Amino acid sequence: MAKHHVTATVNGDAVEFLCETEDTLLDCLRDQLGLTGTKEGCSTGDCGACSVTVDGRLVCSCLMLGIEANGKSIGTVEGIAQGEKLHPLQEKFLEHAALQCGVCTPGFLVAAKALLEKNPNPTETEARYWLAGNLCRCTGYDKIIRAVLDAAAVMRGA
Amino acid sequence: MQEKVKEPGSEFKWVGTRAPRPDGVDKVTGRARFGADLSLPGQLVGKVLRSPHPHARIRGIDTSAAEKLPGVKAVVTARDFKDQPSEFIPAGEMMINYRDVVRNVMAREKALYEGHPVAAVAATSAAVAKRALKLIKVDYEVLPHVIDVVEAMKPGAPLLHEDLYTVGVDPPPKSPSNVAKRIEFVLGDVAAGLRQADVVIEREFTTKPVHQGYIEPHACIASVSEDGLAELWGTTQGHWVVRAHCARLLGWDISKVRVTASEIGGGFGGKTVVYLEPIALALAKKAARPVKMVMTREEVFRASGPTSGAHVRVKIGARKDGRIVAAEAELKYQAGAFPGSPVQPGAMCAFAPYDLENVKVVGYDVVTNRPKVAAYRAPGGPISEFAVESVIDEIAARIGMDPIDLRLKNAAKQGTKAAYGPKFGPIGMIETLEAAKAHAHYRTPLGKNQGRGVASGFWFNIGGETAVSLSLNEDGTLALTAGTPDIGGLRASLCMMAAEELGVPMDKIRVVIGDTNSLGYNFLTGGSRSTFSSGMATVDAARQLIKEACKRAAKLWELPEDAVEYKDGAVRPAGPNAGKHSPMTLRDIAGIAGKTGGPIVGYARINAAGAAPSLATHICDVEVDPETGRVSVVRYTAIQDAGRAIHPSYVEGQYQGGVAQGIGWALNEEYIYGDDGKLQNPGFLDYRVPVASDLPMIDTVIVEVPNPRHPYGVRGVGETPIVPPMAAVANAVANATGVRFADLPMSPPKVLKALDEARAKGTAKL
Amino acid sequence: MRYEAPSTLDQAVALLAKESGEARVLAGGTDLLVQMRTDLIEPVLLVDIKGIAELRQVKEEGGGFRIGAAVTGAELKEHPRLKSVWPGVVEAANLIGSTQIQGRATMGGNLCNGSPAADSVPALIAAGAKASIVGPKGRRDVPVEEVMVGPRKLSLAKGEIVASFLLPPKPPRTGDAYLRFIPRTEMDIAVVGAGVCLTLDAAGKVTAARVSLGAVAPRPLLVAPAAAALVGSGVDAAALQKLDAAARAACQPIDDKRGTKEYRIKVAGVLARRAAQIALERARKG
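Top line first, the protein sequences correspond to chains A, B and C. Number 70 in my numbering belongs to position 70 of the first sequence; there are no gaps in the numbering. Number 725 in my numbering belongs to position 725 of the second sequence; there are no gaps in the numbering. Number 196 in my numbering belongs to position 196 of the third sequence; there are no gaps in the numbering.
Don't read these hints as lab results, they were simulated from the structure. A portion of the hints provided could be inaccurate.
Reference listing, derived: stretches of chain A covered by chain C, where coverage requires no fewer than 3 residues with Cβ under 8 Å from a Cβ of chain C [what the hints assert, rightly or not]: (1) 43-49; (2) 55-64; (3) 73-87.
Predicted model, so just to flag it, every value in this text is computed and none were measured. Glycine is no exception: its CB is placed at the ideal position from the N, C-alpha and C atoms.
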């Protein structure tokens with residue numbers, strides 16, 4: 001049968017793509033739109049490497065069909081920086097060495113940005129529980145959490 | 001809290017600072033390309049058909065129906081790879097055998113584990129490829145299987161390889177078995193030593209196989225032109241190694257294969273071997289189109305190497321004053337389907353942190369119907385050292401001595417002869433122990449249901465073949481090409497060492513990891529070797545470049561070469577000629593390069609020697625829920641000798657990452673098999689790695705006992721951190737509960753059961 | 001595989017009723033997509049119910065709350081009143097998976113996926129929630145504990161959808177709580193789940209209680225003897241002991257990769273006690 005024709009907004013830009021019913025949003029972002037910043041770590045929603053926002057809501061794009069994105073506004077890691085200017089989270093991740101191999105980093109940045117938009121002053125525990133759906137195997141999470149809390153402080157103007 | 005015990009008198013400008021990472025921006029913007037992020041025009045999707053049986057003879061494979069399916073462009077089986085005679089080669093710190101490599105990549109006579117590849121297809125879409133796999137008919141003769149190491153060693157156990165005769169026993173066995181080899185290290189006389197002991201403790205331990213757990217699955221894309229030139233892009237810890245394996249398995253000249261390493265999303269040893277790459281190349285050649293292959297997470301668990309599960313027996317004798325008089329260990333490690341567990345390095349490390357006169361370690365490498373094990377961060381070490389550090393803790397408790405003091409009393413130091421052979425140069429065992437003893441963590445009172453444990457750890461680190469090229473660009477900036485994939489901070493460290501040598505700012509030096517055509521052979525990223533070896537080579541290359549720059553200036557100034565020096569980022573006339581000519585920066589030198597002899601390049605090709613061990617001592621606090629047996633790590637401090645920390649943040653990161661993996665190994669990670677020999681938890685839902693809310697901040701202390709054989713004193717640091725945590729956690733749990741755990745993981749049902757048994761006996765503290 | 005996104009409940013019911021092949025309701029998709037990817041199921045039709053307004057709303061109704069089956073856990077948490085009235089239910093829905101999962105997962109899906117370990121179900125059962133089921137023959141309301149009959153087996157007829165949950169008016173001095181045991185701190189399927197709801201009289205004695213256990217039987221259980229252990233008591237140590245014993249006695253668990261039989265039985269008692277204590281605190285405050 002014919003593919004679905006999907007129109008959506010990704011990082012503020014209008015996009016359209018074709019997909020089969022079973023193609024996930026993750027597949028569509030990476031293969032149809034060439035946005036490979038969002039990663040596939042497990043395809044079962046257990047690792048968070050595919051994290052994106054949909055109408056501002058943090059979700060795993062491996063657990064959403066491409067067709068479900070019709071009419072929605074998607075946010076990926078590629079949309080976090082503003083032109084050449086890095087977001088405070090990106091700067092703090094670099095400053096705190098909150099990444100080693102970097103493959104989980106896009107998911108963490110999207111998830112952390114969603115956290116700070118909801119809760120600009122999280123405690124360490126709140127940050128850890130919010131980010132529990134993002135696996136990192138390299139860092140032990142220490143520097144990631146420090147970077148998130150430091151970015152939060154900067155964004156609060158503290 | 002991150003601390004550094006800094007060597008006095010350090011006056012480096014870049015080395016030792018927390019400089020920005022040159023490849024960092026790409027990684028925080030999503031621009032960096034990992035193994036699955038490249039696509040080529042006309043590419044096909046490759047998929048693997050895997051054995052559903054843990055042990056079966058393959059009587060025949062019929063791929064005809066799959067080949068006829070529209071959209072299928074190529075199908076391969078074992079026939080498409082050249083059979084290999086037995087030949088051992090190094091892979092990281094382990095040895096592998098090509099005869100086994102070709103069979104692990106694609107099953108030949110037998111399927112030896114559930115998940116073993118038996119065929120593969122390339123098709124125009126994933127859906128077509130999946131349908132094609134279903135059309136392949138494999139005639140299996142299902143055989144009995146064995147998945148436990150002790151069971152596999154018993155006479156009468158299902159036999160995996162009819163031609164496997166145990167090496168290392170005398171007289172050699174007449175029948176094949178599942179025991180590939182027996183090794184032994186002996187120092188002194190253990191029996192005599194034990195007779196001097198006031199206390200002797202003997203314990204048995206078991207550990208389960210655990211996976212490296214990298215978040216990025218194996219992925220590659222291969223393209224072979226009609227004249228046989230092959231390109232391969234993929235995620236790997238060693239692209240020269242990939243090139244070698246693929247060329248060998250396919251029977252191609254090495255020069256025909258060009259491999260580019262993508263960014264790598266974690267490896268920890270698991271990406272030092274090939275799985276998909278030879279298959280993708282074989283398919284790409286047959287199809288005459290690029291073939292992209294990406295493992296699903298389930299495939300990663302079912303078919304890529306975990307590390308060994310093991311059975312370990314340790315016996316230690318000590319005097320009342322804490323001096324260990326004899327130590328012995330018997331290690332039985334499972335290798336998975338083909339020989340080659342890390343029992344040898346495990347045996348070498350077991351007692352290495354200690355200066356002992358009487359040591360005996362015996363190890364067995366045993367095959368079982370599970371995926372072939374691959375290296376995992378300090379391969380073999382965490383298992384043997386978990387057992388040893390647990391028994392040492394018990395000895396300390398038995399004689400009433402502080403566990404750090406007991407270790408200090410027996411600590412290895414410069415001049416100590418290790419049981420496995422060498423005499424140590426300067427090492428930091430005592431320094432890390434003293435730092436642990438002095439640390440605030442060790443003095444902090446514990447809360448309710450809490451306990452504290454200490455453990456030390458050792459790993460040797462390697463050097464190996466390395467080539468680095470450093471070119472002076474026309475405008476005085478520099479291009480540095482190295483060959484060890486950057487798993488997390490290497491390019492930053494190399495850039496810092498180059499900047500330090502050249503006296504130029506880091507942002508004038510661009511570091512890339514070159515493809516296999518760009519440099520001479522580079523051994524893989526493993527063995528904690530890349531900062532050490534590529535660093536050494538970078539320094540060598542920089543010094544060569546400086547020497548050449550001086551030569552060119554000398555030529556221009558008509559001075560002898562030794563009358564010229566490089567200082568503060570410029571070539572200057574030296575000594576009596578000082579001031580006679582204006583200094584020439586590298587930019588100035590670049591300007592005259594053409595007319596003074598051509599491009600200015602430093603090229604280092606070394607077999608880096610002098611890698612020195614890194615020692616660590618960890619302190620762990622746990623809290624145990626007495627009603628559910630759940631163990632939480634509430635505080636952790638990792639103290640380790642880095643020799644010299646080129647970039648402290650990345651050194652700390654290595655400590656913290658290894659600790660997190662060790663905690664997972666201790667508490668919740670394990671491969672769970674049914675009696676049917678099939679893996680029940682091939683996913684991150686039920687293969688339980690630590691999540692952010694499971695861990696506290698991981699405090700680190702960098703101790704620096706410089707390695708005299710490296711220009712900056714560097715020791716490899718990446719592997720040692722995973723060695724102490726299992727014992728640190730187990731010792732902490734013993735301290736909290738009064739119960740010693742010898743079987744990992746210490747999952748809640750096991751902890752609660754043991755607690756209840758201890759309560760019935762009156763020995764529980766909770 | 002066909003995909004339909006009806007805008008009314010009647011359209012959804014009609015699609016499901018007339019499909020001869022395997023048809024699945026798509027709400028959050030957090031279980032469905034995993035099962036499709038691993039080839040556990042191969043539906044020919046997906047009916048996306050997120051476009052049906054009434055399934056996406058939380059409304060106060062008859063003194064209680066009507067929660068659309070396709071409201072996500074995250075949305076439940078953001079509702080201005082629901083969390084303060086039924087904290088146990090909202091917390092349970094927000095224990096499912098991760099923040100990302102909670103951004104999509106729904107209580108309707110959590111129930112209809114048919115897992116005995118579903119997190120939101122024991123909390124709903126303890127709260128006395130009813131499921132509003134709409135099908136070709138009209139609407140019927142059933143207690144939530146009657147919807148699942150066994151693993152992956154529901155008491156729904158062909159074409160029926162769980163459209164909403166009705167939480168009853170909460171009597172004064174009532175508190176609810178849900179706890180689950182998992183080996184890590186997040187991300188695991190419940191090894192044991194316990195939901196408790198209790199109501200106190202002015203003297204602080206329990207006049208009504210409901211206790212539900214998850215992951216210890218082929219379906220989530222409503223354990224009347226456990227509730228009876230609390231009624232008439234002040235939730236003192238003796239009552240908690242009886243509750244523990246009654247909870248344990250009700251378990252019919254299995255050994256699997258997440259827990260052993262004996263472990264689940266023991267921990268069911270522990271969690272029932274702990275959940276009762278939290279419910280008690282909440283009841284005392286409101």
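Hint by hint, here is what the structure shows:
1. 43-49: holds (count 5)
2. 55-64: Holds: 7 residues of the segment 55-64 of chain A have a Cβ under 8 Å from chain C.
3. 73-87: violated (count 0)
Figure legend: structure checked against the earlier numbered hints; the only hint not met is number 3.
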